[in-house]
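S.K.: If you want the building blocks of each chain, they are given just below.
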Amino acid sequence: MKKIINGKTILTAPFTEEDIRTLHAGDVIYIDGEIVTGRDDVHIRVIKEGMTLPVDIRGMALMHAGPIVAGTDEGRFRVIAIGPTTSMRMEKLEYDFIKQTGVRLIIGKGGMGSRTAEACREFGAVHCVLPAGNAVVTASCVEEITGAEWLDLGMAEALWRMRVKGLGPLIVTIDSSGRNLFEEKKQEYKKRRDEQIEEISRRLGPLL
Amino acid sequence: MTVKEKQKIINDTIAAFINYIAVHLPDDVVSRLEELRAAENDPAALSIYDMMFENMRLAAELNRPSCQDTGFVQFRIECGSRFPMIHYLEDLLRNAVIKATHETPLRPNAVETFDEYNTGDNTGTGAPSISWSIIPDWDGCAISTYLAGGGCSLPGHAAVLMPGEGYEGVVKFVLDRIAEYGPNACPPLLVGVGIANSVDTAAQLSKKALFRPVGSHSPNAKAAEMEQLLEDGINAMGIGPQGMGGKASVMGVNIESAARHTATLGVGVSFGCWTHRRGKIVFDRDLNFTTDTHSGFTIGQ
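If you read the protein sequences in the order shown, they are chains A and B.
Okay, so the first sequence: first residue is 1 according to our numbering, each after it adds one.
Okay, so the second sequence: first residue is 1 according to our numbering, each after it adds one.
There's no promise every hint is true.
As the list claims (entries may be wrong) - Now the stretches of chain A that chain B is said to cover, found in silico as 3 or more residues with beta-carbon under 8 Å:
| id | stretch |
| --- | --- |
| 1 | 60-68 |
| 2 | 129-135 |
| 3 | 195-202 |
Claimed, not checked - Quick list of the computed label-pair ranges, beta carbon to beta carbon:
| id | chain 1 | residue 1 | chain 2 | residue 2 | range |
| --- | --- | --- | --- | --- | --- |
| 4 | A | R78 | B | A159 | 37 to 47 Å |
| 5 | A | R203 | B | Y117 | 45 to 55 Å |
| 6 | A | I44 | B | I130 | 25 to 35 Å |
| 7 | B | A38 | A | R203 | 34 to 44 Å |
| 8 | A | M51 | B | N197 | 42 to 52 Å |
| 9 | A | E18 | B | E35 | 38 to 48 Å |
| 10 | A | K165 | B | V282 | 40 to 50 Å |
| 11 | A | E184 | B | S47 | 14 to 24 Å |
| 12 | A | E74 | B | V3 | 34 to 44 Å |
| 13 | B | Y117 | A | E74 | 20 to 30 Å |
| 14 | A | E144 | B | D176 | 51 to 61 Å |
| 15 | B | N220 | A | D152 | 46 to 56 Å |
| 16 | B | I134 | A | D27 | 48 to 58 Å |
| 17 | B | A259 | A | G71 | 47 to 57 Å |
The hints are simulated quantities; they were obtained by calculation from the structure and are not laboratory data.
Where is the CB? At the ideal position from N, CA and C, for every residue including glycine.
Working from the sequences, and respecting the hints, build out all of it.
M.R.: If you want it as structure tokens, here you go:
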């Protein structure tokens, strides 16, 4: 479900394909509802080792994240700090992961590559960036940890289920048409890099 | 004071300092980020800076690690040859890491290579990493601590260039790495560049450069000029906070260098993310300490 409150676009999980296909690269959104975390090892288990995810994440959000979690006196878990990790590490396996699990919204840090963009276009998904290094602000968006799976992978790599409220700001970086904002930006940065290499070298010449 | 009491002071002080570093950014980083925010006028970049400062405030208020990736712990020890506790330091630092892991808490990040298991307490073979230099005829000890995040360690790189590639080759080496990996490494970054004989010395110097204060300059005038040219050039690439575009791509560029073989030009580059968590404590022989990186740190914090 997608709604706009006080100018903020808020999506509630699970997401329909229609909701996701209305999002465009550069849009800023917030999400409510249940999400799961999963990074390198979760992807390796599902795609390389053929294990079945312990949670059905069809239509849901996956966050590339390894939180700090503490136990409570009642034997439950509570998030101390959480934020996105480098999404590019998952690029190799993400096409198959999206295809196989039906996940619709991926949250991470930095860009992802052409295979993920292809999966977003083909299966109706998006990749979003959450500003990283803001783990306490982001933890304040987590209402509750609702499940802990694959804890044998360790705290960072485990699959955590959590309910979030107003998680964001999420900047859509790959939309379901396959437009890839980071790739576009990278081309700009590389063009300016070439100019700067020339400029710095020119100024260094007489110095050294 | 007995040796045991002295050991406890070092152990407790370093554990408390690791905790403090995980929660509070160093003074030099905060003031540079304030300057970068003040100079920014892109609305999206500004809202990212606002979130960063709100996170710093909330982390301090709740005494929680500012980033969930509390890093791989690295120490640089500059130890006086006459520091009375020199024999015990390595064990004390390892124990301080274990203590801080449980008390802060830090995220357990250390995984044993080949055996592929997380040790659970951020120690292991060579973890924390500890590098030593001995200062002759001094009875104090300076301990620098760095929580090296995975995201900004990932783009680290070193190579040996042909001398004919010259300083231009060094510039290209650094800027290529930043254009490809910088946007993912949590900019504005602190960039450490090492120029030396071979990959090992160049890489070590590039990390040493990350321990220098933001805004400091190399004592060598030519190196200082190159630091400024690189800083201005990388900022002109417009990577901005989180790589989404903006005025500043870096908090600064620090260069450390050493003499090299006439036939080699070794270059290394290391990166620190915007939440550059490192600090330095200096003990005297009686274990009184001072720190000039974190003005708010007092023991009992």
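S.K.: May I ask which of the numbered hints given earlier this structure violates, with the numbers listed in increasing order?
M.R.: 7 and 14
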